[in-house]
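Enquirer: So the chains spell out like this:
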Amino acid sequence: MTADKLKRQFTGMDYFPPDMEPGEFELLVAFDIWIHKNHANSRRVGCPGREKLEAIVRAKTKVEDMDTLRHVGLCAACLDEMRAMKQEFSKPPSQKT
Amino acid sequence: MATLPEHGPVWWDRDVDDKGAPIRDDVRQAAHESWDSWCARVKAVLGDCTEAAELMESSVAHVSRYLTRHGVCAFYPQAKSLLSLHCCQELKRHVGRRCRIQAVGLTAELDALAPTSDNWVQTFDFWHDFQKLHIQVDDRSWIIFAMRHLGHDWPEISEKVGIAISTAQNHFRNHFKGAWGKLNGNSHVPKSNGKGHRK
Numbered sequence: 001m002t003a004d005k006l007k008r009q010f011t012g013m014d015y016f017p018p019d020m021e022p023g024e025f026e027l028l029v030a031f032d033i034w035i036h037k038n039h040a041n042s043r044r045v046g047c048p049g050r051e052k053l054e055a056i057v058r059a060k061t062k063v064e065d066m067d068t069l070r071h072v073g074l075c076a077a078c079l080d081e082m083r084a085m086k087q088e089f090s091k092p093p094s095q096k097t
Numbered sequence: 001m002a003t004l005p006e007h008g009p010v011w012w013d014r015d016v017d018d019k020g021a022p023i024r025d026d027v028r029q030a031a032h033e034s035w036d037s038w039c040a041r042v043k044a045v046l047g048d049c050t051e052a053a054e055l056m057e058s059s060v061a062h063v064s065r066y067l068t069r070h071g072v073c074a075f076y077p078q079a080k081s082l083l084s085l086h087c088c089q090e091l092k093r094h095v096g097r098r099c100r101i102q103a104v105g106l107t108a109e110l111d112a113l114a115p116t117s118d119n120w121v122q123t124f125d126f127w128h129d130f131q132k133l134h135i136q137v138d139d140r141s142w143i144i145f146a147m148r149h150l151g152h153d154w155p156e157i158s159e160k161v162g163i164a165i166s167t168a169q170n171h172f173r174n175h176f177k178g179a180w181g182k183l184n185g186n187s188h189v190p191k192s193n194g195k196g197h198r199k
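Those sequence lines, one after another, are chains A and B. Take the first sequence: its position 9, counting from 1, is numbered 9 in the numbering used here, and each next residue is one higher. Take the second sequence: its position 23, counting from 1, is numbered 23 in the numbering used here, and each next residue is one higher.
Hints in this document: simulated from the structure, not taken from any laboratory. Quick caveat, the model's predicted, so the values are computed rather than measured. Note that CB positions come from ideal geometry on N, CA and C, so glycine has one too. Worth double-checking, as some hints may not be accurate.
[Claimed, not checked] Selected chain A positions facing chain B (in silico; Cβ < 7 Å): (1) Pro17; (2) Pro18; (3) Phe25; (4) Phe31; (5) Trp34; (6) Arg58; (7) Lys60; (8) Val63; (9) Leu69; (10) Val72; (11) Ala76; (12) Ala77; (13) Asp80; (14) Met82; (15) Arg83; (16) Met85.
[Unchecked claim] If the Cβ cut is set under 10 Å, some of the chain A residues that face chain B in the computed set are: (17) Asp19; (18) Glu24; (19) Arg50; (20) Glu54; (21) Val57.
[As the list claims (entries may be wrong)] Keeping only pairs whose Cα atoms sit at most 27 Å apart, straight-line, the calculated BS3-like set for lysine-lysine is: (22) Lys132/B <-> Lys37/A; (23) Lys92/B <-> Lys80/B; (24) Lys177/B <-> Lys62/A; (25) Lys37/A <-> Lys177/B; (26) Lys80/B <-> Lys37/A.
Generate coordinates for the entire structure from the input sequences, incorporating the hints supplied.
Expert: The following block contains the structure:
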């Protein structure tokens, strides 16, 4: 899939942070393409598990679990799981399934 | 031997190039798919398509080497775009060398074709640069970057990383501004400001 096609997919979605600066969108899209291509980890090798990922998503103070943070930075599967959690947790209670 | 419609021009579809390096199947397939339109283009620019095969063969070898060098997976979907771009560039160079450029609108046509694929090539190179970037930046900056990708705004990142918003922003900008500039032609490189919001 080309960068342009992916970029179109992201446009209009509540996917990236709301306070992006000019050019940051392209950088994040490129990162998304790169990590899904090079670090997809669909077999979830070395993944820390849902509990630890959820702890990071819900954290309101400094996260001390550096091992998990380092893993997440190079694992598309964990990033996707955390994104899904983040979207789920940010929904108002009435929309939760 | 490859190709083509009956009595039409042919190009030499080889397994290996002049240097003995294997030629990728995806590039060869792309060449077959674009051969007819390529002949038409060469004929429009040069007046006939006798040189279409030579240009195509050298382009196939070049693109194949390029993709192999970057370790791109087999049957890469953009092989055809890349081949098309390189063919057009080769044709343009060829015309230039022979001083046969004529102001008939075709050069502009080629220019119009080039940018999309050219951007793709830049993007392609950029993906590879991410690997280098990861080696260069420290853990904290990479984690901040991953959090931005997850959709966290700066106050959230500040909480989770345990640093001031402005510090997080400066980490992000300092370490990624080179990459940022590359994607934006250096037109939107954000500057570290040290002001930002305070926690």
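Enquirer: Taking the hints in turn, state whether each one holds.
Expert: Hint-by-hint comparison with the structure:
Evaluation of the Pro17/A hint against chain B yields a held restraint, the C-beta minimum of about 5 Å falling below 7 Å. At about 6 Å, the closest approach between the beta carbon of Pro18/A and any beta carbon in chain B falls short of 7 Å, and the interface hint on this residue holds. Violation of the interface hint for Phe25/A is found here, the shortest Cβ-Cβ separation to chain B being roughly 10 Å, above the 7 Å cut-off. Using the Cβ-Cβ criterion of 7 Å, the hint placing Phe31/A at the interface with chain B is satisfied: the shortest such distance is roughly 6 Å.
Annotation: Trp34/A was flagged as interfacial toward chain B, and the flag holds, the nearest CB pair being 4 Å apart, inside 7 Å. Contact between Arg58/A and chain B, as hinted, is not supported at the beta carbon level, the nearest pair being about 10 Å apart and thus beyond 7 Å. Contact between Lys60/A and chain B, as hinted, is supported at the beta carbon level, the nearest pair being about 6 Å apart and thus within 7 Å. The closest approach between the C-beta of Val63/A and any C-beta of chain B is roughly 5 Å, which is under the 7 Å cut-off, so the hint is satisfied.
Taking 7 Å as the C-beta contact cut-off toward chain B, the hint placing Leu69/A at the interface holds, the least distance being around 5 Å. The closest approach between the C-beta of Val72/A and any C-beta of chain B is roughly 6 Å, which is under the 7 Å cut-off, so the hint is satisfied. Interface hint at Ala76/A: violated, since its Cβ lies 10 Å from the closest Cβ of chain B, which is beyond the 7 Å cut-off. Proximity of Ala77/A to chain B is violated relative to the hint, the smallest CB-CB distance being about 13 Å (cut-off 7 Å).
Restraint check, Asp80/A versus chain B: the minimum CB separation of about 10 Å is more than 7 Å; hint violated. With its C-beta approaching chain B no nearer than about 6 Å, Met82/A sits inside the 7 Å limit, and its interface hint holds. Nearest Cβ of chain B to the Cβ of Arg83/A: about 6 Å, under the 7 Å cut. The hint holds. With 7 Å as the threshold, the beta carbon of Met85/A stays out of range of chain B, its nearest partner Cβ sitting at about 10 Å, so the hint is violated.
The criterion of a C-beta within 10 Å of any C-beta in chain B is met by Asp19/A, whose closest approach is roughly 5 Å, and the hint holds. Interface hint status for Glu24/A: upheld, as the beta-carbon distance to the closest one in chain B is roughly 7 Å, under 10 Å. The beta carbon of Arg50/A is not positioned within 10 Å of any beta carbon in chain B (closest approach about 15 Å), and the interface hint is therefore violated. A cut of 10 Å between beta carbons decides the hint on Glu54/A: the least distance to chain B is about 13 Å, and the hint is violated.
Taking 10 Å as the C-beta contact cut-off toward chain B, the hint placing Val57/A at the interface holds, the least distance being around 8 Å. Distance restraint check for Lys132/B and Lys37/A: the Cα-Cα separation of roughly 15 Å lies within the 27 Å cut-off, and the hinted pair is therefore satisfied. The suggested pairing of Lys92/B with Lys80/B holds, with an alpha-carbon distance near 18 Å, which does not exceed 27 Å. Note on Lys177/B and Lys62/A: the hinted pairing holds, with a Cα-Cα distance of about 25 Å set against a maximum of 27 Å.
With a CA separation close to 23 Å, the supplied pair Lys37/A and Lys177/B stays within the 27 Å bound. Of the supplied pair hints, the one linking Lys80/B and Lys37/A holds, its CA atoms being roughly 19 Å apart against a limit of 27 Å.
Of the numbered hints stated above, those contradicted by the structure are hints 3, 6, 11, 12, 13, 16, 19, 20, listed in ascending order.
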